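Undergrad: Sequence:
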Amino acid sequence: MIYKGIFKDSPFWVQFILLLSVAIFGAIFSNLIFFGFWFVKSGFSLSSIPDLMDGLLSNAEAIRQLQFFQSLGTFFFPSIFLAWLFSDDVKTYLDTEKAVSWSVIFLTILSMLLVLPFLSLTMYWNESIVLPDSLRGLEDWMKAQELQMKEIVELMLDTDDIGSLLLNILIIGVLAGVGEELFFRGVLQKVFSKLFKNHHVIIWLVAIIFSAIHVQFYGFIPRMLMGAYFGYLLYYSGSIWLPVLAHFTNNTIGVLLYYFLSTEEFEFFEQVGAGSTYYFGVLSFVLWLTAFYFIRKKCLPSES
Numbered sequence: 001m002i003y004k005g006i007f008k009d010s011p012f013w014v015q016f017i018l019l020l021s022v023a024i025f026g027a028i029f030s031n032l033i034f035f036g037f038w039f040v041k042s043g044f045s046l047s048s049i050p051d052l053m054d055g056l057l058s059n060a061e062a063i064r065q066l067q068f069f070q071s072l073g074t075f076f077f078p079s080i081f082l083a084w085l086f087s088d089d090v091k092t093y094l095d096t097e098k099a100v101s102w103s104v105i106f107l108t109i110l111s112m113l114l115v116l117p118f119l120s121l122t123m124y125w126n127e128s129i130v131l132p133d134s135l136r137g138l139e140d141w142m143k144a145q146e147l148q149m150k151e152i153v154e155l156m157l158d159t160d161d162i163g164s165l166l167l168n169i170l171i172i173g174v175l176a177g178v179g180e181e182l183f184f185r186g187v188l189q190k191v192f193s194k195l196f197k198n199h200h201v202i203i204w205l206v207a208i209i210f211s212a213i214h215v216q217f218y219g220f221i222p223r224m225l226m227g228a229y230f231g232y233l234l235y236y237s238g239s240i241w242l243p244v245l246a247h248f249t250n251n252t253i254g255v256l257l258y259y260f261l262s263t264e265e266f267e268f269f270e271q272v273g274a275g276s277t278y279y280f281g282v283l284s285f286v287l288w289l290t291a292f293y294f295i296r297k298k299c300l301p302s303e304s
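Counted the way the numbering used here counts, the sequence shown spans residues 1 to 304.
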C-alpha cells in the first residue's frame, strides 16, 4: 500500500507530532461516537443535553461504554495506524510476534501479585505529599479531580452481577491493558528511541507520561513505577505480550478484589503495606525485584 511506512525514517519530532495528532483525533472521534449514541438514545432533545451530560457520569453502563470507546479510539486503533505509518511491518514494529516461555508468564503474574503491598506503600507516600500554601488552589483542584475519578471508578466497579464483572474485566483488564501497552510501550518507546539512545531514559520518560495522562495525581508514583516495569518487561523480553499480561493482571486484580470483598475489606486490603504495616511493603519490594531478576535472567539466558 502506497502510504505504508511513509514516516518510517522521519525524525523524532515528526513522529511525535503525528502520534499526538492521531491520539487526540482518536480521543475526540471516540467521544463523539459515545455522546452521539447517548444523544440519539435521549431522543435528539437539545434541551436535555445538560441533564444528559450530568446523568452519564452517574450511569455505570455509560461509564463502561465511554471506557470502551476511549480504549479503542485513543490507544488501540491509533497504535495500529501509527505502526503502519512508521514501519513496513506492523506486527514486527509492535513486537507482537515473539513468544515467551510459560515460566516467564508465571513469574510475570506472580510479580504483579507480589508488588501489591509495595504499591500500597508508594500510594501512601504519594498521598502524604503536601504542596506549599502558594499552591493550595492547585492542591484543592487535584484532590477534587482524584475524588471525582474515584467515584466514577467505584460506580463502574460496584456490581453484584457476573455479567457486569466480566464486562469490567474486558474493558479495564483486556482493552486497557492491550490498548495502553501498544500505545505507550509499543509505539511511544520506539518514537523516543529516535531522540534518546539510553533505554533507561526512554522507559522512565514514557512511564512518567503514562502516569501523568491518567490525571490521578495521588496515584502518580505507583502508576509511574508500574509504567517503568512494563517498559523493562518489553525491553528484556522483546514481546509486547509480557507488559500486556502484567498490565492486565494488575487491573484485573483490582476488579476482582472490589467484586469479591466488602467495602471495608477492600479498603483494608488497600492499606496492607502502608502506614504501620510498611514492613510488608518493604518485603513486597524485595520479592518483586527478585521475581523481576528471574524474569530478566530467563529472557536473557546468555547473560545468566
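I should point out that these hints are in silico values taken from the structure, not numbers from a laboratory.
Since we're looking at a predicted model, the values are computed, not measured.
Every residue, glycine too, gets a C-beta built ideally from N, C-alpha and C.
Don't take each hint at face value.
Label pairs and their calculated CB-CB ranges [said to hold, decoys possible]:
| hint | residue 1 | residue 2 | range |
| --- | --- | --- | --- |
| 1 | F106 | A27 | 34 to 40 angstroms |
| 2 | L135 | I17 | 27 to 33 angstroms |
| 3 | A99 | A27 | 41 to 47 angstroms |
| 4 | G5 | A99 | 34 to 40 angstroms |
| 5 | V282 | V14 | 41 to 47 angstroms |
| 6 | D89 | V40 | 36 to 42 angstroms |
| 7 | V153 | N198 | 42 to 48 angstroms |
| 8 | K297 | Y3 | 37 to 43 angstroms |
For lysine-lysine, the following DSS-like pairs were computed, each having C-alpha atoms within a straight-line distance of at most 30 angstroms [unchecked claim]:
| hint | residue 1 | residue 2 |
| --- | --- | --- |
| 9 | K98 | K4 |
| 10 | K4 | K194 |
| 11 | K297 | K150 |
| 12 | K197 | K4 |
| 13 | K98 | K8 |
| 14 | K150 | K8 |
| 15 | K298 | K194 |
| 16 | K91 | K4 |
| 17 | K197 | K8 |
| 18 | K98 | K298 |
| 19 | K8 | K143 |
| 20 | K8 | K194 |
| 21 | K190 | K98 |
| 22 | K91 | K194 |
| 23 | K98 | K297 |
| 24 | K298 | K143 |
| 25 | K298 | K91 |
| 26 | K143 | K297 |
| 27 | K4 | K190 |
Undergrad: Of the numbered hints stated earlier in the document, which are not met by this structure?
TA: 3, 4, 7, 11, 14, 19, 24 and 26
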